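S.K.: One letter stands for each residue in the lines below.
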Amino acid sequence: MSDACDSCVVGGKADFQRFGVDVSDADAVVALAGNPNTGKTTLFNALTGLRMHVGNWPGKTVVQAIGGFKIRGRKYRLVDLPGTYSLLSNSPDEEVARDFLLFGEPDTTVVVCDATALERNLALVLQVLEITPRVVVAINLMDEARKRGIELDHRELARDLGVPVVPISARIGLGIPSLLDAVEAVSMGKQGRTTPREMHYGPEIETAIKPIMEQLRREYPSLKNARWVALRLLEGDPSVLNELREGTLGLTTHAVGPEV
Amino acid sequence: MSDLLMLAEQQRAGLQRPLRDQVAEAIFGEATTISDRALRNRGRALALTQRLDDIFTSRIWGFPAMALLFAMVFWITIVGSNVPSAMLGELLVGKGHPWLRDLANAAGFPWWLSGLLVDGMYLATAWVISVMLPPMAIFFPLFTLLEDFGYLPRVAFNLDRAFKWSGGHGKQALTMMMGFGCNAAGVTSTRIIDSPRERLIAIITNNFAICNGRWPTLILVSSLFVATMAPTGTQSMVAALTVGGVAVLGIITTILVSKLLSGTLLKGEASSFTLELPPYRPPRILQTLATSMIDRTLKVLWRAIVMAAPAGLVIWTISNVSVGDQTIAAWLVNGLDPVGLFVGLNGVILVAYIVAIPANEIVIPSILMLTLNLAKSGLAQQGVMLELDDQQVRDALVTHGGWTMLTAVNLLLFSLLHNPCSTTIMTIYKETRSVKWTTVATLLPLALAFTVCALVAIIWRMFG
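Which chain is which? The protein sequence lines are S and B, in order.
Heads up: take any position in the first sequence, counting from 1, add 7, and you land on the working numbering.
Note that the working numbering numbers the second sequence so that position 216 is 204, with each residue one more than the last.
Hint data in this document are derived by calculation from the structure and do not stem from the laboratory.
There may be inaccurate statements among the hints.
[As the list claims (entries may be wrong)] Quick look at which bits of chain B chain S covers, simulated, 3 or more residues with Cβ under 8 Å:
1. 14 to 23
2. 312 to 320
3. 328 to 336
[What the hints assert, rightly or not] Covered by chain B, per the in silico footprint, the following chain S stretches (three or more residues, Cβ under 8 Å):
4. 156 to 165
5. 211 to 218
[Stated by the list, open to error] Quick list of simulated restraints, FRET-style, between CB atoms:
6. B:Arg421 - S:Thr202: 34 to 44 Å
7. B:Ala12 - S:Glu163: 52 to 62 Å
8. S:Glu213 - B:Arg25: 43 to 53 Å
9. S:Glu158 - B:Ile48: 32 to 42 Å
10. B:Arg25 - S:Thr214: 48 to 58 Å
11. S:Asn249 - B:Pro6: 13 to 23 Å
12. B:Val423 - S:Ser31: 31 to 41 Å
13. B:Arg272 - S:Glu158: 25 to 35 Å
14. B:Pro72 - S:Ile179: 17 to 27 Å
Here the structure is a predicted model, which means the values were calculated and not measured.
Positions of the beta carbon are idealized from the N, C-alpha and C atoms, including for glycine.
Using the sequences and the hints, build the whole thing.
M.R.: This is the structure in structure tokens:
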């Protein structure tokens, strides 16, 4: 369905309802992901005008907050995901974030990064890019980084990651207009397609996932992130196994999986 | 389908090194490469953050600094709320209550209707507002400022060793900090803990982090009773230290109960984690004041009022409807008195805690209403109303309620240890989906509260 309906940007509405996100009057859905304590909630407030309390400590947001904003008349639904260091482990908060990206298929995912801890934050960006190509990277806390003498080249970063990178400072409202432009461009598919960097895991793993990917493509011809699913299967991730068994993974593709 | 799973199984068996390690290595290697290319200058650590952390996370100074900071917050709250509390009491109870009574009389309300509305619902609500609003309006913004400043993760850092010893997860300290606001929120925040065993420990022990509803009870009882033992001039400081002491006792209880659980019901090793210490950030004071006013103070106050009005109704009704030769309230209180007095409390306090299961906020007003109604001192009937200045409340509790210092001390302990409120219990069920663990999380604290209070009472009587 989501492929067939190119004009309506919002993918399967039923999928969002699973996450308690009402998209009935939204033109597009934007997710905010990022490491804990990178200022996702501050950005959420800056974009929506809401006033969720922002704490200066990791793990403040465990339940996703939902708000909305407009760019040039188009309505965006904004979902603030719990902050996570990775999408690899299985803690409940990481699962919420991962499942939302996987099954909710937001039109754009903004990964908020802490400019003062770029390396660690990029690890999450790379993992998000494996799930969805429609990503905008917001490098937050630029004011703090500048105070500490950190200089970074966001154009170089954008070239390397293959998606738009916008330096911002959500606390003082710096860079928000540029961020909104990037979100609009990616969610409307204006910039052509993003060309996200692909992770390579070395010969051993690459060889191991190849036959799994082939088998997956045979069984689920329209599965979008076969590579990612193959990796999880290889890992023995119990939740992906369950979703495959119950056929909920089919929701991603709207393909009818074979009977179990 | 099963082909796919078998294939995955097969391929996994052929791997030389665990997949997770290889994946993590590749991702972090890549992240390093990309960030190296993008970073023109790596900058330096913040001098101020480093200097503050030298104190706040120091092995020697960490705990004293923590105690000092929290004692300061409590002291400002206690000193600051005295005057507005008395003013609100005078206005809402001293003036508002007789005025409403006259109005009801003039309107020709039957005695039971004006009793229900004015002496029940209104009075309970008025007491909640005058007792709770001032300390909340001062305490919550102060606590939020401390939070925005970035101090809370340092508390978690300092406590990490203790939590490791207890077999709980290090992040449990963070969920505990969340519980200091609201235990229901604290229970939800345990989602950051990945191990189900450690998450359950965090859920069950979150109750020992004193929540919004309990701070005012502690502050009031500490100022009215414990502080009076101290010489004048030092009283508010003693009250602040008492409240701080109860909070610390809560942390110690959390650690001990975690240790107990991980040695019995929830056996296992503590898993490791990385705790990030964010830089200290100057809190934006005006915005913090506004948000914490709306988010916390008004929300908690609203909850208290919504709970207080029906509680007032219930208390007035059970105090005025007789079955046999005494009122329902008297039956309950007299029935619970033996148990209550044995554990160093009394029947009124236990009935108040039953009425207050939906919200701890209404414990003190319930105790006051029950005590005064049962005393049959004629205070209410004669139209002599309490204006709720501290001396009067204390006198009422001592003369009509038979309170002693032991009652006050044990009320502090009971307030700290007793079962979570019904909202928290529901949240625990929602998070665990288990009747068994919800029951444990509800009854274990209650049993602990009774045991500790009984022990204190026995020892107190032996030496007192």
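S.K.: Has the hinted range 17 to 27 Å been met by the Cβ atoms of proline 72 (chain B) and isoleucine 179 (chain S)?
M.R.: 35 Å, violated
S.K.: Is it true that the C-beta distance of glutamate 158 (chain S) to isoleucine 48 (chain B) lies inside 32 to 42 Å, as the hint says?
M.R.: 37 Å, holds
S.K.: Test coverage of the region 156 to 165 of chain S by chain B using CB-CB distances below 8 Å; three residues minimum.
M.R.: holds (count 8)
S.K.: Please check whether glutamate 213 (chain S) and arginine 25 (chain B) have a Cβ separation lying inside 43 to 53 Å.
M.R.: Given a distance of about 24 Å, which is not inside 43 to 53 Å, the answer is violated.
S.K.: May I ask you to test the hint 34 to 44 Å on the CB atoms belonging to arginine 421 (chain B) and threonine 202 (chain S)?
M.R.: 43 Å, holds
S.K.: For the region 211 to 218 of chain S, does the count of residues with a C-beta closer than 8 Å to a C-beta of chain B reach 3?
M.R.: holds (count 5)
S.K.: Is the distance from the Cβ of asparagine 249 (chain S) to the Cβ of proline 6 (chain B) consistent with 13 to 23 Å?
M.R.: Given about 21 Å between the Cβ atoms, the range holds.
S.K.: So is the region 14 to 23 of chain B in contact with chain S by the C-beta rule, three or more residues under 8 Å, or is the coverage claim wrong?
M.R.: Since three or more residues must qualify, the claim that chain S covers the region 14 to 23 of chain B holds, with 8 doing so at under 8 Å.
S.K.: Between arginine 272 (chain B) and glutamate 158 (chain S), is the Cβ distance one that fits in 25 to 35 Å?
M.R.: This hint holds: roughly 26 Å between Cβ atoms.
S.K.: Three residues minimum, CB to CB under 8 Å: does the region 328 to 336 of chain B make the cut for coverage by chain S? Let me know.
M.R.: violated (count 0)
S.K.: Using the beta carbons of valine 423 (chain B) and serine 31 (chain S), state whether their distance is inside 31 to 41 Å or not.
M.R.: Given about 36 Å between the Cβ atoms, the range holds.
S.K.: Does the Cβ-Cβ separation between alanine 12 (chain B) and glutamate 163 (chain S) fall within 52 to 62 Å?
M.R.: 25 Å, violated
Violated hints, in rising order: 2, 3, 7, 8, 10, 14; the structure is consistent with all others.
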